[in-house]
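**Q** Now for the letters of each chain:
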Amino acid sequence: MNNNRQTKVLFWNIRGINSQEKWDAIGDKIKESACHVLCLQETKREAFDAFYIKKFCPRNLDKFAFSPSIGASGGLLTVWNNSLFDGTIIQVNSYAITIKLICRFDKKCMHITNVYGPSNLDHKMAFATWLMNLDTDNFENWALGGDFNLIRNPDNRNRPGGSRRNESFQ
Amino acid sequence: MNLFNELISNLDLVEIHFSGRSFTWRHMQADPLLVKLDWVFTSNSWTSAFPATFVQPLSRPISDHISFVLQIGINVPRPSMFRFENFWIQHPGFLETVSLQWHNSPFFGNAAKNLSSRLKHARDSLKLWSKNLSSLSKLIYNCKWVLLLLDGLEDQQNLSRMERNFRILVKRHSSELLESKRIY
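So the protein lines, in turn, are chains A and B. Going by our numbering, the letters in the first sequence line up with residues 194 to 363, in that order. Going by our numbering, the letters in the second sequence line up with residues -16 to 167, in that order.
Mixed in with the good hints there might be a few duds.
Sample of chain A residues with no beta-carbon within 12 Å of chain B, all distances over it, derived [unchecked claim]:
#1 Gly209
#2 Leu231
#3 Glu239
#4 Phe241
#5 Asp242
#6 Phe244
#7 Ile246
#8 Pro251
#9 Asp255
#10 Ala265
#11 Thr281
#12 Ile283
#13 Met318
#14 Asn351
Selected chain B positions facing chain A (in silico; Cβ < 7 Å) [claimed, not checked]:
#15 Leu(-14)
#16 Val23
#17 Thr25
#18 Asn27
#19 Pro44
#20 Ile45
#21 Val129
#22 Arg155
No lab work stands behind these hints: they were computed from the structure. The model shown is predicted, which means the values in this text are computed figures rather than measured ones. Don't be surprised by glycine CBs; every beta carbon is placed ideally from N, CA and C.
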């Protein structure tokens, strides 16, 4: 049975995952979006196991990769549906998780990078350097998304301004 | 040139725009600062492999960031799934609905066939019955719709005090509804 359904990847900077309220909200967004892949940023959690994932993921989101938070900051989590996708973890660091997914039905390949760019200016340069040197030659069909903590132009703010969050580094 | 833009162009990436949304993050204050901090980019090969790709922003029940869905035009099979909800059992109409179908399904000589036929009939009638059952999902859906509308409005103009207070109330209500859904 093939109803031309889309693949859906849910992204969310959750600002800390450690509460029942967050689990409820994530579970509800998974349901609302009917996503096959979940990419969370700023989990503020140092480790995940299958038991913890079940607090907010339905049974079909059953494979995962995480990047631990450093203390209470950062942290990434990517979860995918293993019966739809054969997934391989390609790279994990504090800025990103890259996974390679091969659809078990049409054998199409995707690379999905879940990104969390630091908000602190010094770390932004390190993030930019990592991105600049990223070896993407083998990234067939690559999508990267998430919270970059960066803006592309002044219109990306509702008022001109301040360097409070240092979104740009011209 | 903005370094971020330089990186994006060096990597040969294409930005996927968020349908109908200019900003993704809101500083929680009365006169909020709104910024687009969340992005999705794809490679050139992606564009040719999955031309029907777009980003759908969702409502923001918690967190100061919105969540969003990258929708990828690719064919994956859709199972025709029946989900049994545990809270149905406590519902007054449940037993009646099941037993009516259970006893009224056609009788076969083969016991296995009998059982499977009855289960099928019970499933079909539960599907129909459950459609009119819970207003919980509908209420949650409505809350989300209102939150999405207010967030969209805030993209264009500052919200009035009344609108902001209303949003706080709707968020609180929405968490309560989600909690009762979880308990079910």
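**Q** All hints, please: hold or fail.
**A** Hint-by-hint comparison with the structure:
A Cβ of chain B approaches the Cβ of Gly209/A within 12 Å, the least distance being about 8 Å, so the stated non-interface status is violated. The Cβ of Leu231/A sits about 10 Å from the closest Cβ of chain B, inside the 12 Å cut-off, so the non-interface label is violated. Distance check on Glu239/A: its Cβ is at least 20 Å (rounded) from any Cβ of chain B, clearing the 12 Å threshold; non-interface status holds. Distance check for Phe241/A against chain B: the nearest CB is about 18 Å away, which clears 12 Å, and the non-interface claim stands.
Consistency note on Asp242/A: stated as away from chain B, and its beta-carbon is indeed over 12 Å from all of that chain's, at 21 Å minimum. Every beta carbon of chain B lies more than 12 Å from that of Phe244/A, the smallest distance being close to 17 Å; the non-interface claim holds. Residue-level check passed: Ile246/A sits 16 Å from the nearest beta carbon of chain B, beyond 12 Å. Pro251/A, annotated as away from the interface, has a beta carbon of chain B within 12 Å; the closest lies near 10 Å.
For Asp255/A, the requirement that its beta carbon stay farther than 12 Å from each beta carbon of chain B is met, with the minimum near 15 Å. Chain B leaves Ala265/A outside its interface by the beta-carbon criterion, the shortest separation being 15 Å against a cut-off of 12 Å. Every CB of chain B is more than 12 Å from the CB of Thr281/A (nearest about 18 Å), matching its label as outside the interface. At the 12 Å boundary, the C-beta of Ile283/A stays outside the reach of chain B, the nearest C-beta of that chain being 14 Å off.
In this structure Met318/A is not separated from chain B by more than 12 Å, as the shortest Cβ-Cβ distance comes to only about 9 Å. Remark: the non-interface label on Asn351/A conflicts with the geometry, its nearest Cβ contact in chain B lying 4 Å away (cut-off 12 Å). A cut of 7 Å between beta carbons decides the hint on Leu(-14)/B: the least distance to chain A is about 5 Å, and the hint holds. Interface restraint check: Val23/B against chain A, minimum CB-CB distance 4 Å, threshold 7 Å, status holds.
At about 5 Å, the closest approach between the beta carbon of Thr25/B and any beta carbon in chain A falls short of 7 Å, and the interface hint on this residue holds. Interface hint at Asn27/B: violated, since its Cβ lies 9 Å from the closest Cβ of chain A, which is beyond the 7 Å cut-off. Proximity of Pro44/B to chain A holds as hinted, the smallest CB-CB distance being about 5 Å (cut-off 7 Å). Evaluation of the Ile45/B hint against chain A yields a held restraint, the C-beta minimum of about 5 Å falling below 7 Å.
The interface hint given for Val129/B is broken, as the beta carbon of that residue sits about 15 Å from the closest beta carbon of chain A, more than 7 Å. Taken as an interface hint, Arg155/B does not check out: its beta carbon lies about 11 Å from the nearest beta carbon of chain A, beyond 7 Å.
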